[in-house]
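J.: We have chain A already, so just place chains B, C, D and E on it with the hints.
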Amino acid sequence: MNALFVITGLGIVSLLAEFGNLKRWLTAFVLVGLTAAVILAALDWNTTQRYFSDMLVFDNQALAFTALISISTILWFWLSVDYFATQTHRTDRTSLVIFAVVGSVIMASFNNMAMLFLGIEILSMSLYVLAGSRKDSLSSTEAAFKYFLMGSFATGFLLFGIALIYGATGSFHIHTIAQTIAANPAGLPTFFYAGVLLMLIGLAFKISAVPFHFWAPDVYSGSPTTVTAFMSTVVKVAAIGAFIRIFSSCFVAVESTWSLVLQVIMILTLVIPNITAVYQNNVKRMLAYSSVGHVGYILLAFVSSPTETGTIFYYLTTYSVSSLAAFSVLHLVEGNSEEITVDYFNGLFKKNSWLAVTITIALLSLAGIPPLAGFFGKYMVFAQAINHGYTSLVIVAVITSLIGVYYYFRIIIAMYFNESSAPSITLTASQKMLLFVLIALTFALGLFPDVIMTLFRA
Amino acid sequence: MVKTVPLDYYLWLAAALFTIGVLGVLYRRNAIIIFMCIELMLNAVNLLLVAFSTYLNDASGQVFVFFIMAVAAAEVAVGLAILVMMYRNTKSVDINILNRLKW
Amino acid sequence: MLTLLLIFFPLVAALLLFVFKPQSAKSIALTAALLELVISLVVVVEFNKTGGPQFEVNIPWITSLGLNFSAAIDGISLLLVLLTTVLVPLIILSSFSKTYDKPSTFYGLILTMQMALIGVFVARDGLLFYLFWEVALIPIYFICLIWGGEDRGRITFKFFVYTLAGSLFMLIGLVYLYFQTPGTHTFDIQALYDAGRSLSSTEQSLIFWALFVAFAIKMPVFPFHTWQPDTYTVSPVQGTMLLSGIMLKMGIYGVIRWLIPVVPGGVAEWGLTAVIISVIGIIYASCIAIVQKDFKRLIAYSSIAHVGLISAGIFTLDAVGVQGAMIQMLSHGIIVFALFYIIEIIFDRTKTRALSELGGIRNAAPILTTVFVITMLGSVALPFTSGFVGEFLLINSLFQYKPALGAIAGVTIILGAVYMLRTFQKSMSGEANSRTASFIDLTGQEKLVLYPVVLLIIIIGIYPAPLLEISESAVNTLLQSISAVTASAN
Amino acid sequence: MENSDLAQYLPIALMFLFAMGFIVVTMIATHALGPKRKSKVKLDTFECGIESKGNARVPFNIKYFLVAILFVLFDVEVIFMYPWAVNFKELGEPGFIQMITFIALLLVGFFYLIKKGALKWED
Amino acid sequence: MSEFLIYKLILVGSVFGITLFVAAYSTYAERKVAAFLQDRVGPDRAGPFGIFQPLADGMKFIYKEEIIPVVSNKFLFVLGPCLAMLTAMMAGVLIPWGNTLIIGDQVYSLQIADLNVGILYVFGVVSIGVYGIMIGGWASNNKFSLLGAIRASAQMISYEIAMGLSIIALIIMTGTLSLGEISAQQAGGVGGDWNMWNVVYQPLGFLIFIVCAFAECNRTPFDLPECETELVGGYHTEYSSMKLGFYLFAEYINMFVSSAVISTLYFGGYNFPFMNDLGLDHNTISIIGTVVLFGKISFFIFFFMWIRWTIPRFRYDQLMNLGWKILIPLAVFNIFLTGLVMILLK
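Chains as they are written, first to last, in numbering that gives the first Met the number 0: chain A, 0 to 457; chain B, 0 to 102; chain C, 0 to 489; chain D, 0 to 122; chain E, 0 to 345.
Bound conformation, chain A alone (with noise of 0.2 Å):
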């Protein structure tokens, strides 16, 4: 909660640092306030606080998340230095990221039905706006508009979902519906179950599971790479923390009722964007569908056993600093250009080994090449899912990895076997300190799993 609060003060501090003289520091205590935050959230590990008659409460699960998309975010400030260079947006981007950051910690922490509406919008209102950052350019707006449309759209349904369940359980207190739950095992109205399934329709959109997935390739191409860089990482984290935390803890009851749905999106969403992500030409577009790929992995783990969620963290934390070192030379390569294809990355190796074996390895860790942290996720989800007997199920996982290795290699192979006659690309110090950590971050996560994996073991 300190972390929270720590957090949400850094976004109205950021917002007023328009006025004072305050823009030029306004960075580095953004970097500052952030590990702070990370700082504070590891200092309450073990203890379980709630906050607001129980509307928040932080649990290990939240404090891992909330650091884990603190930590990201440090490093995606880190990676878009330049996407806070314009003197005139400075301050209002900054504190739109805070915010959508405040959400995410919101949407990790929540006990409450409302907590997990605030939590979502505060992410989502910050984003749209974020997305469409680039006035001039109809993509941006495009992106912007469409992300709007969706995710109010999904807003929709998971409120009616609630608004439901509040009907049938007379709470919006997580632990009072699940106590609810667990009293009336028979005794609940239909309309309950039905409204469990809309919230899953909601928060499928939120994360993006197919086949809900649509609009997220149109919003990741449109919006600035820096943009789409922090969607597919925090927002990501956060969107999933939100879904596991209620299906795990409140709705786990009633696994029957959504087992099913949700096994059905999950191969939806492991075959279809892996397949579609092949032809993809527009590199942005193509990690779009991998990210919305990677999910169909985290739901296999999991519906294989949705209370061990260990895994899913661990995957997550992989996923993110797979896809920010990806997205870190891909905002390096794209230049000024608005639609970056697989062409840019002609000869790359030649221009610039540092993003070529950066980008090599954030690839090769998404599709899960071991040692890499990338394989280990995958590893642990598979593991996880022929432990509890879903072995078909990883089989098909195992095919669309595949397919999965295929897209990224495009890149790969056409950065070392194309040759381009474009300049060579300088990077700065700061770059590639950037690039060095977030490789070195890969690899750390991939030596030494256990760090992250016995977190959730006390």
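The hints are simulated quantities; they were obtained by calculation from the structure and are not laboratory data.
It is possible that part of the hints are untrue.
Below, a list of computed lysine-lysine pairs in the DSBU-like style, where the Cα atoms sit at most 35 Å apart [to be verified]:
(1) Lys63(E) - Lys35(D)
(2) Lys114(D) - Lys90(B)
(3) Lys349(A) - Lys446(C)
(4) Lys101(C) - Lys350(C)
(5) Lys350(A) - Lys401(C)
(6) Lys59(E) - Lys73(E)
T.: Chains B, C, D and E in isolation, oriented as in the chain A frame:
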């Protein structure tokens, strides 16, 4: 409070409104109308919440409605701003022209 | 400790390469590879031939996954480690006459590859084995992708996906076994053995196929071989050497270490099928080899034929066959290395690999021709060459297993002779043409690479006993434990 | 019946009927009674006697739009204060402090708006 | 049931009639007041002192030709004034016009309906009035009209926030939203049981409220939407006959309702000082109270006119600045102050 109207009626009404909203979002092509349909969806939810709140004698449902209204307002503000931006770039609010990003 | 040094010394060396100037990468890499050879020789000296797994290390690594860094060396491992440590310096040396773009990366990848290969051969933890197995794929892929020839993007990708797909099925099999281990699950090799043997026959069969596909793709055995000829052809020669000389042995090693002992029931059920597949592969590959026009492709197909024989020999589950496989692995490793190097030398000077465009090299380069003849004879398994020992043992065991299969496999020697002699005739003898007229004989550096190899071919051919002794006890232990299981099952 | 919810609204409905009736009747009456002598010029829009040009539905200053959006936001926030104000005495001091926090946050936004020039009309 | 219905019918009918009457005579009053302030005679032809002038005006509205510009949107063009009129009429429903009358053993309230959300209802209905103006202005398809309509909407919604905020301080004190209860709470007043009018406790709130009320009614000094020097007639430039009449009527009705609301909220409504000390019976006091209320309303209507002919029009930026940058912060400050005092006094 006298609950002369059965709860089921509210449920069906809300469901109908919600469905109309959903269909509107899916089938209409004018951005403003889509906005309105989304608002319709939210208001269906509000109606439902208020009805439940009354029948359960629990005020939290109505508080939730406040939240929804406040957030919906904020959402509309952002949405309209985006719409204005879109209009500036395209001179139209027909979402059919937004097909550039389709795969 | 020695094991750890053996595994990680190449990796450290590889990282060191980036510290120094690119120009010196070559020599640093060679030094490192030679030091690694020395380390492996120390291991050989220290090795107790009757002692089972030795030089054990067992460090808890990822406890939540039951993964320990558990490695040890027994006879089977040692032979393959030795093959690796001998070949890698030769491979590096063979590249001295060429200059590669980004040499640090190139040699770094080779050394990383070496690390992964040794890791595969000494790992005694299922997941660790898998990790090294996969890690071995990355450097070789990039070696082929970055420094390969025409159309390498597509071809190397095919190679990558094939092998990755295979290994993912292996992973599923391993994980399934992992969850069968009692108590706190573990990937320890013995625990996996026990778990695998206690499974029902259906499960054993499924796991057999999950693992077999992975190994078969790596070897490659017909019909999983389609990636191989193209990849061998487009790879830079050092890559081809790594692939054919060492990496393909990973598959065979996997069968010996991780397939047969783990699911003996599955092997009992499907062993015959595997042998038949292998034998079909031998004939098929030999026939294709005969009609090949490209020198490198020809050797690639011949490699498939040889590996098929090894695979068939192993699945007989006969001590002689497995021992033969061990020797044949070493022999094939060095012979195929030499052959590819010779092809590279010819290609460098004539700019072609088409057999029809060669000829008459014998006159211009007698030393090269001599070396080629010896290697070729080794390849067709003439007595007093290393090839003879291995093939003899293998075919012998096949005869004992199923005489008909043995007979068919025996044909391989004839077919091998046919295509190798044809190759010799086309390239070395005959009239010199414009391309080969001014052929320069071996240079000093090339001799430095090829002479040791020729020497090894002959030494192993005449006196293979020390090598056989190294692996003998390990092979016997292995086969005994299996026969104990199958006997008790019956 | 007198005290039930719906009955409270009955007079309002009555008033609505009265007003509607009055409006409709008056409109119809004027329509029927007034003279009808149309001419093109008469039916043209008025632009101080000059011939009117173009459509009047042109984009207008974004400021108005901004005001509308801000109104929606602030008005909705004000909603939250009504229940609080009604229950002020029961909520007491803690409620007061919470609402002050709420208003303070609102004022931060308000301050930001003013400083950003969202409400600057003189330019 | 039917008795209840008849009682309500009578009440609604009389309120309706009175509203129209007051609105009609406000126009007359306005002209007379203007004349008085400018030292003129004002209307004096129709009847003695021109007392039938409103009737003549009404007739004229009815008999004038209806003009609907060709380029306008016909339906909306007609809808605009109707909506303005309708909302204006509906706003007065909740005003407590007097205390209860006791006839026999039946208690009759002089308030048409006393909803527990009273003030919110008034605000809700009043804010719909913006649509009437906006729709009318836009439907005319005239540049002046459009500008006027936009100005009107921006102005009205801006002042609505301040108005809403100023009320909150009052509600903190009264603890209810019901206008009936708020009136009842101010019973007695100065002497008797010493219930002061709310204006005593809420001078700042009253000030803000009345300024906002002026703006909401588009009255000078806030009549930017129809300032004839810039916009001809503003949003009703294109209107004629009864549709114009509706707009004008609506304005005067709004003024009337605003005055009533102000009187009710801040000036004790139908209560008057020493009312409980006169020793009169309940019904008499109620009737006197109603008369007193109308007196207060008349004063505020006069006040509206007084201001109109005294203070010049604001510039648009001054108008917006006043609303957003002065009244809103002031209202928030007022809430804070009221809350603080309430907490401290408890």
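J.: Are Lys101(C) and Lys350(C) close enough, with their CA atoms no more than 35 Å apart?
T.: holds, 23 Å
J.: Given the hint that Lys114(D) pairs with Lys90(B), test it: the Cα-Cα distance must not exceed 35 Å.
T.: Roughly 30 Å between the alpha carbons, so the hint for Lys114(D) and Lys90(B) holds.
J.: Is Lys350(A) close enough to Lys401(C), meaning Cα to Cα at most 35 Å?
T.: violated, 59 Å
J.: Tell me if the straight-line CA distance from Lys63(E) to Lys35(D) falls inside 35 Å.
T.: holds, 9 Å
J.: Are the Cα positions of Lys349(A) and Lys446(C) separated by 35 Å at most?
T.: holds, 34 Å
J.: Check the hint pairing Lys59(E) with Lys73(E) against an upper bound of 35 Å on the C-alpha distance.
T.: At roughly 23 Å apart (the allowed maximum being 35 Å), Lys73(E) and Lys59(E) satisfy the hint.
When each numbered hint is compared with the structure, a violation occurs for hint 5 only.
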